[in-house]
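Keeping their order, the protein sequence lines are chains A and P.
When we follow this note's numbering, the leftmost residue of the first sequence carries the number 1, and every step to the right adds one.
When we follow this note's numbering, the leftmost residue of the second sequence carries the number 1, and every step to the right adds one.
Check each hint, because a few of them may be wrong.
Any copy, or any two copies together, can satisfy a pair, since identical chains are not distinguished.
Derived pair list, reagent style PhoX-like, types lysine-lysine, alpha-carbon separation capped at 25 Å [claimed, not checked]:
| id | residue 1 | residue 2 |
| --- | --- | --- |
| 1 | Lys-265 | Lys-208 |
| 2 | Lys-83 | Lys-2 |
| 3 | Lys-38 | Lys-5 |
| 4 | Lys-265 | Lys-83 |
| 5 | Lys-208 | Lys-182 |
| 6 | Lys-265 | Lys-5 |
| 7 | Lys-38 | Lys-3 |
| 8 | Lys-265 | Lys-2 |
| 9 | Lys-208 | Lys-38 |
| 10 | Lys-5 | Lys-182 |
| 11 | Lys-265 | Lys-3 |
| 12 | Lys-83 | Lys-182 |
| 13 | Lys-208 | Lys-5 |
| 14 | Lys-83 | Lys-208 |
| 15 | Lys-2 | Lys-182 |
| 16 | Lys-208 | Lys-3 |
| 17 | Lys-208 | Lys-2 |
It is worth saying that the hints were derived from the structure and are not from the lab.
2 protein chains.
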Amino acid sequence: MKKWKRSARLVDMTQQLMSHPHRLIPLSTFAERYQAAKSSISEDLAIVHDVFREEGEGMLETVSGAAGGIRFIPRISDERARKLSERLCGELQNPARILPGGYLYLSDLLGDTALVRDIGCIFATVFHDRRVDAVVTVETKGIPLAYATAGQLGVPVAIVRRDSRITEGSVVTINTVSGSSKRLGSLSLSRRSLQEGARTLIIDDFMKAGGTVRGMFDLLEEFRAEVVGVGVMAESRAEERLVDDYISLATVDEVDVRERRIRVKMGTLFHGRD
Amino acid sequence: MKKWKRSARLVDMTQQLMSHPHRLIPLSTFAERYQAAKSSISEDLAIVHDVFREEGEGMLETVSGAAGGIRFIPRISDERARKLSERLCGELQNPARILPGGYLYLSDLLGDTALVRDIGCIFATVFHDRRVDAVVTVETKGIPLAYATAGQLGVPVAIVRRDSRITEGSVVTINTVSGSSKRLGSLSLSRRSLQEGARTLIIDDFMKAGGTVRGMFDLLEEFRAEVVGVGVMAESRAEERLVDDYISLATVDEVDVRERRIRVKMGTLFHGRD
Numbered sequence: 001m002k003k004w005k006r007s008a009r010l011v012d013m014t015q016q017l018m019s020h021p022h023r024l025i026p027l028s029t030f031a032e033r034y035q036a037a038k039s040s041i042s043e044d045l046a047i048v049h050d051v052f053r054e055e056g057e058g059m060l061e062t063v064s065g066a067a068g069g070i071r072f073i074p075r076i077s078d079e080r081a082r083k084l085s086e087r088l089c090g091e092l093q094n095p096a097r098i099l100p101g102g103y104l105y106l107s108d109l110l111g112d113t114a115l116v117r118d119i120g121c122i123f124a125t126v127f128h129d130r131r132v133d134a135v136v137t138v139e140t141k142g143i144p145l146a147y148a149t150a151g152q153l154g155v156p157v158a159i160v161r162r163d164s165r166i167t168e169g170s171v172v173t174i175n176t177v178s179g180s181s182k183r184l185g186s187l188s189l190s191r192r193s194l195q196e197g198a199r200t201l202i203i204d205d206f207m208k209a210g211g212t213v214r215g216m217f218d219l220l221e222e223f224r225a226e227v228v229g230v231g232v233m234a235e236s237r238a239e240e241r242l243v244d245d246y247i248s249l250a251t252v253d254e255v256d257v258r259e260r261r262i263r264v265k266m267g268t269l270f271h272g273r274d
Numbered sequence: 001m002k003k004w005k006r007s008a009r010l011v012d013m014t015q016q017l018m019s020h021p022h023r024l025i026p027l028s029t030f031a032e033r034y035q036a037a038k039s040s041i042s043e044d045l046a047i048v049h050d051v052f053r054e055e056g057e058g059m060l061e062t063v064s065g066a067a068g069g070i071r072f073i074p075r076i077s078d079e080r081a082r083k084l085s086e087r088l089c090g091e092l093q094n095p096a097r098i099l100p101g102g103y104l105y106l107s108d109l110l111g112d113t114a115l116v117r118d119i120g121c122i123f124a125t126v127f128h129d130r131r132v133d134a135v136v137t138v139e140t141k142g143i144p145l146a147y148a149t150a151g152q153l154g155v156p157v158a159i160v161r162r163d164s165r166i167t168e169g170s171v172v173t174i175n176t177v178s179g180s181s182k183r184l185g186s187l188s189l190s191r192r193s194l195q196e197g198a199r200t201l202i203i204d205d206f207m208k209a210g211g212t213v214r215g216m217f218d219l220l221e222e223f224r225a226e227v228v229g230v231g232v233m234a235e236s237r238a239e240e241r242l243v244d245d246y247i248s249l250a251t252v253d254e255v256d257v258r259e260r261r262i263r264v265k266m267g268t269l270f271h272g273r274d
């Protein structure tokens with residue numbers, strides 16, 4: 001049996017905890033792995049906890065009792081969340097993003113795996129106490145953010161499709177009307193992809209009037225699922241907003257196609273906190 | 001200025017390295033952060049490296065010279081990759097997955113964020129020395145695996161769309177013929193989403209005859225991009241295979257709809273290694 005030094009134990013423990021966010025690891029698992037007394041393990045965990053907390057990178061939660069153990073809750077500090085959102089706002093203001101019709105090109109940001117992970121960590125921090133069972137998003141561009149968030153929350157993802165696919169098996173479909181362009185559409189979710197009564201967190205990349213998110217509320221109602229939060233990377237101003245309670249990291253105030261100017265401010269997450 | 005003990009330094013260093021796979025961190029960054037001599041930092045890094053390597057969780061790569069530093073390369077051990085693939089094969093054999101037409105329901109597996117991360121880690125390990133610039137996938141179900149892989153490789157993702165969307169800006173589109181069902185389709189990729197000449201890794205969830213992957217080769221040729229690898233979670237037997245060189249974790253040999261039986265064996269990654 002391998003003999004672990006404390007220094008090696010600390011590295012390995014940090015690695016184990018970070019690799020399994022929100023998973024409860026019994027103290028005895030660590031004690032056996034490192035062939036060490038539980039008291040030593042507890043001292044190690046206290047060190048890990050202190051570093052995570054001081055650096056704003058997360059915390060360790062202790063669950064006592066026979067089914068107890070320790071779990072890593074990833075967090076992001078207010079300061080880092082603000083810096084990331086400022087960077088996001090700066091990126092969004094780049095006039096090269098302007099597409100015909102005043103749409104914004106976002107695929108480069110959503111393709112940036114480090115940025116996506118950080119945004120997921122912000123959402124996971126904001127919604128960590130909502131007892132989320134599953135993250136729900138709609139194809140296509142919201143998917144990376146949904147996985148980044150769900151991974152940090154340690155829960156699965158269910159993807160709503162805009163068309164129903166044979167590979168989804170039996171699905172529930174509802175018809176929708178886009179709030180901004182009044183286009184008709186449909187949203188489908190596989191029956192098997194969500195437990196009835198699940199507490200769901202809706203994550204998407206961009207919200208205009210909120211017709212899609214509103215449609216997801218209606219669709220989730222068919223699963224008797226509860227929506228415990230809505231997080232979008234960015235939103236744009238809309239005359240009529242179909243969703244009231246949501247968190248955004250950035251608000252696109254104006255896209256002036258002729259002047260090629262985009263005005264962006266910090267999202268609702270930071271409202272009333274400046 | 002905060003005074004760091006070695007134990008705290010080890011925890012924080014592990015956290016920093018794991019949070020930024022493949023990112024080169026100069027030794028001086030650590031020396032400043034911890035207010036410690038570079039020799040102490042080097043000793044710490046040696047401890048981290050040894051633990052990662054012994055546990056098969058990755059390695060630290062040292063780049064010397066003025067622009068040098070240290071980077072974390074995530075790895076998964078052969079043993080864990082095999083165990084994960086065995087688990088995947090077991091899951092795939094569940095007859096409840098059989099859908100009309102012999103399709104398999106996979107969305108539960110692809111919604112499992114921990115499994116997706118692990119599969120991404122296998123692909124990142126297999127393809128770590130191919131100098132990948134970007135991971136390319138096709139919507140929808142391949143997306144989570146592509147992000148999990150790209151995140152571990154520290155590169156961006158480009159998503160090929162089956163229809164061209166206004167939010168993608170200028171796109172390159174090609175027409176495709178499905179190899180298995182001979183259906184017509186199209187694949188589009190935003191011009192901006194990939195640098196010309198990029199070394200790309202194609203990741204997808206399931207391959208039958210390989211028509212979609214073949215189409216992606218053709219599409220990527222329009223970007224003068226090179227395909228340096230193809231990884232799919234699972235493949236099924238096809239009479240005519242349009243792609244030769246690929247890695248799969250599981251091979252679906254037979255789906256017997258009437259008998260409700262699925263036969264699955266380990267994928268090409270393990271061929272010749274049993």
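Taking the hints in turn, this is what the structure says about them:
Taking the closest pair of Cα atoms, Lys-265 and Lys-208 come within 25 Å of each other only inside a single copy of the chain (15 Å); across copies the shortest separation is 47 Å, beyond that limit. Proximity of Lys-83 and Lys-2 under a CA criterion of 25 Å is satisfied inter-copy only: 22 Å between copies versus 43 Å inside one chain copy. Within a single copy, Lys-38 and Lys-5 get their C-alpha atoms as close as 15 Å, and across copies as close as 22 Å, so both meet the 25 Å cut-off. When the C-alpha separation of Lys-265 and Lys-83 is checked against a cutoff of 25 Å, the pair qualifies only within one copy, where the shortest distance is 13 Å, while the shortest distance between copies is 48 Å.
Taking the shortest Cα distances, Lys-208 and Lys-182 sit within 25 Å of each other inside one copy (12 Å), while across copies they are farther apart (38 Å). Neither within a single protomer nor between protomers do Lys-265 and Lys-5 lie at most 25 Å apart by alpha-carbon distance, with minima of 50 Å and 41 Å respectively. Taking the closest pair of Cα atoms, Lys-38 and Lys-3 come within 25 Å of each other only inside a single copy of the chain (15 Å); across copies the shortest separation is 28 Å, beyond that limit. Taking the shortest Cα distances, Lys-265 and Lys-2 never come within 25 Å of each other, neither inside one copy (54 Å) nor across copies (34 Å).
In this assembly of identical chains, the alpha carbons of Lys-208 and Lys-38 never lie at most 25 Å apart, being 53 Å within a copy and 51 Å across copies at closest. In the homo-oligomer, the alpha carbons of Lys-5 and Lys-182 never lie at most 25 Å apart, since the shortest distance is 64 Å inside one protomer and 60 Å across protomers. For a Cα distance limit of 25 Å, the shortest separation of Lys-265 from Lys-3 qualifies neither inside one copy, at 54 Å, nor across copies, at 37 Å. In the homo-oligomer, the alpha carbons of Lys-83 and Lys-182 never lie at most 25 Å apart, since the shortest distance is 36 Å inside one protomer and 50 Å across protomers.
When the C-alpha separation of Lys-208 and Lys-5 is checked against a cutoff of 25 Å, the pair qualifies neither within a copy, at 55 Å, nor between copies, at 49 Å. For a Cα distance limit of 25 Å, the shortest separation of Lys-83 from Lys-208 inside one copy, 24 Å, qualifies, whereas the shortest one across copies, 45 Å, does not. For the homomeric pair Lys-2 and Lys-182, neither the shortest alpha-carbon distance inside one copy (65 Å) nor that between copies (57 Å) is at most 25 Å. Taking the shortest Cα distances, Lys-208 and Lys-3 never come within 25 Å of each other, neither inside one copy (57 Å) nor across copies (48 Å).
Proximity of Lys-208 and Lys-2 under a CA criterion of 25 Å is satisfied in neither setting, with 57 Å inside one chain copy and 45 Å between copies.
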